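> Those sequence lines, one after another, are chains A and B. Per my numbering, the very first residue in the first sequence carries number 1; after that it's consecutive. Per my numbering, the very first residue in the second sequence carries number 977; after that it's consecutive.
I should point out that these hints are in silico values taken from the structure, not numbers from a laboratory. Computed from a predicted model, the values in this text were never measured in an experiment. Take these hints with a grain of salt, some might be off.
[As the list claims (entries may be wrong)] Using C-beta positions, here's what the derived DEER-type ranges look like:
1) PRO1046/B to ALA448/A: 56 to 62 Å
2) GLU1053/B to GLY879/A: 27 to 33 Å
3) SER758/A to GLU1008/B: 31 to 37 Å
[Said to hold, decoys possible] Derived SDA-like pairs (lysine to any residue); straight-line CA-CA distance at most 20 Å:
4) LYS860/A to GLY655/A
5) LYS579/A to ALA1128/B
6) LYS579/A to ILE1140/B
7) LYS380/A to THR402/A
8) LYS427/A to ASP248/A
9) LYS969/A to MET769/A
10) LYS579/A to THR1108/B
11) LYS579/A to ASP1129/B
12) LYS427/A to LEU446/A
13) LYS490/A to LYS937/A
14) LYS579/A to GLN1107/B
15) LYS868/A to PHE768/A
16) LYS937/A to SER889/A
17) LYS490/A to TYR57/A
18) LYS490/A to THR402/A
19) LYS579/A to ALA1109/B
20) LYS427/A to LYS579/A
21) LYS937/A to LYS579/A
Every residue gets a Cβ at the ideal spot worked out from N, C-alpha and C, and that includes glycine.
So you can see what is in the structure, the chains are spelled out below.
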Amino acid sequence: MTHMPPFRLPAGGRLIDRALQVPFRFDGRHLRGLTGDTLASALLANGQMLMGRSFKYHRPRGPLASGAEEPNALFGLGQGGRFEPNQRATTTALTNGMILRSQNCWPSLEADIGSVNNWLSPFLPAGFYYKTFIHPRPFWKHVFEPVIRHSAGLGRAPTDPDPDRYEQAYSFADTVVVGGGIAGLTAARDAADAGGQVLVLEQTAHWGGRTPNDHDGGQMAIDALLADLRARDNVTMRRNTMATGLYDHGYLIAREALADHDPNQGIPRQRLWRIRTGQVITATGALERPLSFACNDVPGVMLASSVRDFIADFGVAPGQRIVVVTNNDDAYRTALTAVAAGLDVPAIIDARPQAIGDLPDAARRAGITVLTGSGIAKVKGSRNVEGVVICDQSGDGTPTQTIECDVVAMSGGWSPVVHLYSHCGGKLVWDDAQAMFRPDPDRPPLGADGTGNVTVVGAANGDLRCATGLEQTEGATQPVWVMPANAPYKLRAKMWLDFQNDVKVTDVELAAREGYASVEHTKRYTTLGMATDQGKLSNINGLAVLSNALNQPIQATGTTTFRPPYTPLTLATIAAEAKGDAFQPLRKTPMHDWHENHGVSWEPVGHWRRAYCYPRGAEDRHAAVNREIMAVRNAVGTLDASTLGKIIVKGPDAGRFMDMLYTNMMSTLPVGKCRYGLMCSENGFLMDDGVVARLSDDTWLCHTTTGGADHIHGHMEDWLQCEWWDWQVYTANVTEQYAQIAVAGPKARELLDRMSGSIDLSQDALPFMTWAQGDITGIPARVFRISFSGELSYEIAVPANRGLELWEQLHHAGHDLNITPYGTEAMHIMRAEKGFIMIGDETDGTIIPQDLGLDWAISKKKTDYIGKRAQSRSHMTDGNRWKLVGLESLNGDVIPDGAYAVDQGLNPNGQRRVQGRVTSSYHSPTLDRPIAMGLVKHGPGRMGQVLDFPMPSGEVMQARIVDPVFFDKEGGRLNG
Amino acid sequence: MANPLATITRQTGLGMITIRADLDRAGDAIAEGVGLAIPDTAGMTGDGTRILAWMSPDELMLMLPAAETPGAMTALEQALTGEHGLIVDMSDARAVFDVTGPDAADVISKLVPVDAAAMPTGHLRRSRAAQTAIAVWRHGDGFRLFGFRSTADYLELILQNAAIAGSQLAPR
């Protein structure tokens, strides 16, 4: 513990604990930091200034900033499923045993082959790709794009699943204050005084923002505010919580880091807060701007405020000889902090003609040389700063002197952080006096009542000196967009605006010359501000350069759009609980576990899992399905039909309503009987089908498809609530109240007769398409004599809690009858053998009942039903519509589902004309041959004709048009 | 740290009857039929064993011990004689969970977009828990919540996950 790394200062560092060392690994090297360090401060303490390579030219880069705006110091963190690219060194807390990998370099950060791009940089100006790779046209897709894609992207995406847990939480407040600096805390106190729940969010682990480092007595002022706020029960204070986006109606998204990069805590790693608030107060502070001088990207050139943060917060000296270059008074604080820490400050280079006031005076008193009216012509050194060449700011860069140094602390003024304010429509004004965009108090984002719901305080509002009385007087900032003012091309071509994407002053000027007058176009042409830092540092400098090039004021250029998130969000926090077994709700029927225990092969149907089949032993799915079908055709089988939709429709106007819902007449259905019905959308298209049972004089039970249950219930309520609100009808979706079991096969009645019960199941008492109520082995039941398999079939509905009991009793009682559970595929094939249509197979949203030969189910007597008018339109009555037929494969092979039948000639697009397609196609075990249904032009009138179905292989399959009912056309079995 | 935020317990034996009627016209008859006052919007009334909850402007839900369900169905049918209404037994369509313990509100707040901590007693909220529909209200030392029976396993899993030890919502 006695050994301190070379750049750790002997004293100071308000955020670190010198007693607690933290080992970590960086590109294989074992290093040590301290508790409280960020990755950046820990690396700097170890003398590691080189932290990354730029994206395009692979230039060596060190940290520029100390916060969320950092463009350079990005690392791959962690290993395996916990590996994450592009983690910001300046905002990531160092944790024990952390493993850092440098990015965008090969073979290593120190010796990167890709930096060859740097020598090529004169040949890689803005728009290079657009211009170079445009011809010949086919080359883009096949040559250029794959190569560029290969070298694109910063960092590597992880390949393993993320093992960590994430969560979301909902929160509600009257006021949310974003930013825990002095302005935010003060605003929070005032809001709390005014009443209501106040939530304060701070992105870092520490309260106070810049105030403790920038103002004497700052920490005391912060502590006093914190004590006040913590004593209030209407104030909640959350640290490590980044407000990333503000949306309509006061909806604020924030990410709380709970156990970031520290899986050992065993708690969720991050939490996404979804906050509804009445008012938002943004106290998001300001970001310091870089200055544009030649070679301002050499490692060791840093923002002045970040240099003093590393010294004051972490007791780390970024360098030993620090030159400060500025256009404002604030940067003098850095010089004073450095000198107080025992570091050498050979000069402050101030672009302004004069520097007077408290801070410059203090600097001069401390013995620091202040060179006014001066600028940096050039930074010396390539992998690290070796010195600066000084010039007159008003000149062309002619050197006046050279100063040796290892760090340049630059300050080009400050830009308010207006992102959150702007996300939801807040407008900005250009403040010429302070050279910044700041929120326009007359045009804030508006809440639901049309009044502003975001107020901005402190530096975020342009009040840069804000420190509740601790301020010193400061001289005005002088805008400096290029240093020196008349720098020639050679220098401007080395002035970086966007450090991560390697966009320079000359690139933006080139864009302007080539006609990119709109800032949004220039952004995309040059990639200015399009990197993972989203241009937090480059934005304003880029706008200013563009404005100068276009010879217009900055406000005429405007800003690019501020879009959430403010800093990147992990996809995992957005997914939150929805992963693994909780990815989606998996709906289970009352017999789900029985299926599971009997070797089921599942089929997802919406959120349900339905039994596709039950393979036995070495059986594959195909063999299992065939066996199940033969069991039903020859003996008896059971199908879990619980997922079918069941909707009660009741009331004095229910009959009238049913007649509107269905294409056929339902009001005349006698009590105790069932009727198959079709439901269409108001555009006439077939939407759902199912059997309706009349339960009583004023009550109907509608069965829908599995997928249609919720949708059809919604459809009914839509018509009742919006169109026929004066009809006396109530509906209830009782789908989940009942377990429903289809007992089908020639021995179905024999099986059910073995079970005690009060229902007479004989053909006379309960013929096809009737229903009865009573009990089966003491379980209250409704029995519907309906059939989708074409066999003698009873569908039995019992209370869901007793479904499993009935299912097991059936299987117990039917053991010697070879009772067989069958799944959805057997059901599908059996209905196809019978020529029954299936919603989603024979229909696809463009099919009307008439296409399917279902005219018998469309009432001619009714004056109206939903879809009737649409079905009378010319296109719907067109005789050329494709209609349902059966298809018989000529060579005995199953035609692929969806295959198209071709016609003669080509269409106007030069494609082969088609005249039909296959909608269902199976091997029928009952008939031991392929069967298919399809829609064919003039199909029903073309029985016996042969159609050609070309396959992707070039082979042509042929099928004969036949009747779609392949099995038991007379219906003797289901009436048996 | 070792204890979960709340205890998640599946409840069975609860009867549920959906009542749809014009509450202005039939409210008195229903109140008499079930022995409870008609609740206000989003409210609940109860007598310790039965709860009558407001579900929508023309829908109520009666919750009661399962054994009392058939009797209550009959009483309601009688109360609504001559009146347009719908009485349906939905007892089997639901899965019911109790979320109990000092941090139960945190568990609810992670899954349900409601201000759980501020939710008053006697108030029923129809909402969603993560991706499935639920209703939730204050009950005993926490909350009672029900959803569709088919999603019971999903509900139990997300509730357990949200209750993981150490994940309290209180600022740290």
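> Take the hints in turn and mark each one as holding or not.
Verification of the hints:
1. Distance hint for PRO1046/B and ALA448/A: a CB-CB separation of about 47 Å, inconsistent with the stated range 56 to 62 Å.
2. The hint said 27 to 33 Å for the Cβ distance between GLU1053/B and GLY879/A, and at roughly 53 Å that hint is violated.
3. One distance hint, 31 to 37 Å for the beta-carbon pair SER758/A and GLU1008/B, holds here, with the actual separation near 33 Å.
4. Using a Cα cut-off of 20 Å, the hinted pair LYS860/A and GLY655/A holds, with the two alpha carbons roughly 17 Å apart.
5. For the given pair, LYS579/A sits about 17 Å from ALA1128/B by alpha-carbon distance, which is consistent with the 20 Å threshold.
6. A threshold of 20 Å between alpha carbons decides the hint, and for LYS579/A with ILE1140/B the separation of about 15 Å falls inside it, so the pair holds.
7. Pair hint LYS380/A plus THR402/A holds up; C-alpha atoms about 9 Å apart against a cutoff of 20 Å.
8. Simply put, LYS427/A and ASP248/A have alpha-carbon atoms about 15 Å apart, close enough for the 20 Å limit, and the pair holds.
9. A distance of roughly 17 Å separates the Cα atoms of LYS969/A and MET769/A; the hinted pair therefore holds under the 20 Å criterion.
10. Between LYS579/A and THR1108/B the alpha-carbon distance is near 15 Å, which keeps this suggested pair within the 20 Å criterion.
11. At most 20 Å may separate the alpha-carbon atoms for a hinted pair to count; LYS579/A and ASP1129/B meet this at roughly 15 Å.
12. At most 20 Å may separate the alpha-carbon atoms for a hinted pair to count; LYS427/A and LEU446/A meet this at roughly 11 Å.
13. Between LYS490/A and LYS937/A the CA atoms are separated by roughly 73 Å; this puts the pair beyond 20 Å, and the hint is violated.
14. This hinted pair checks out: LYS579/A and GLN1107/B have alpha carbons roughly 12 Å apart, not beyond 20 Å.
15. As the CA atoms of LYS868/A and PHE768/A are separated by approximately 29 Å, the hinted pair breaks the 20 Å bound.
16. About 18 Å separates the Cα atoms of LYS937/A and SER889/A, which keeps this hinted pair within 20 Å; it holds.
17. Proposed proximity of LYS490/A and TYR57/A is supported: the alpha carbons are some 17 Å apart, at most 20 Å.
18. As the CA atoms of LYS490/A and THR402/A are separated by approximately 19 Å, the hinted pair is consistent with the 20 Å bound.
19. About 18 Å separates the Cα atoms of LYS579/A and ALA1109/B, which keeps this hinted pair within 20 Å; it holds.
20. Distance hint between LYS427/A and LYS579/A is unfulfilled; the C-alpha atoms sit about 39 Å from each other, more than 20 Å.
21. Distance hint between LYS937/A and LYS579/A is unfulfilled; the C-alpha atoms sit about 47 Å from each other, more than 20 Å.
When the structure is compared with the earlier hints, violations turn up for hints 1, 2, 13, 15, 20 and 21 and for no others.
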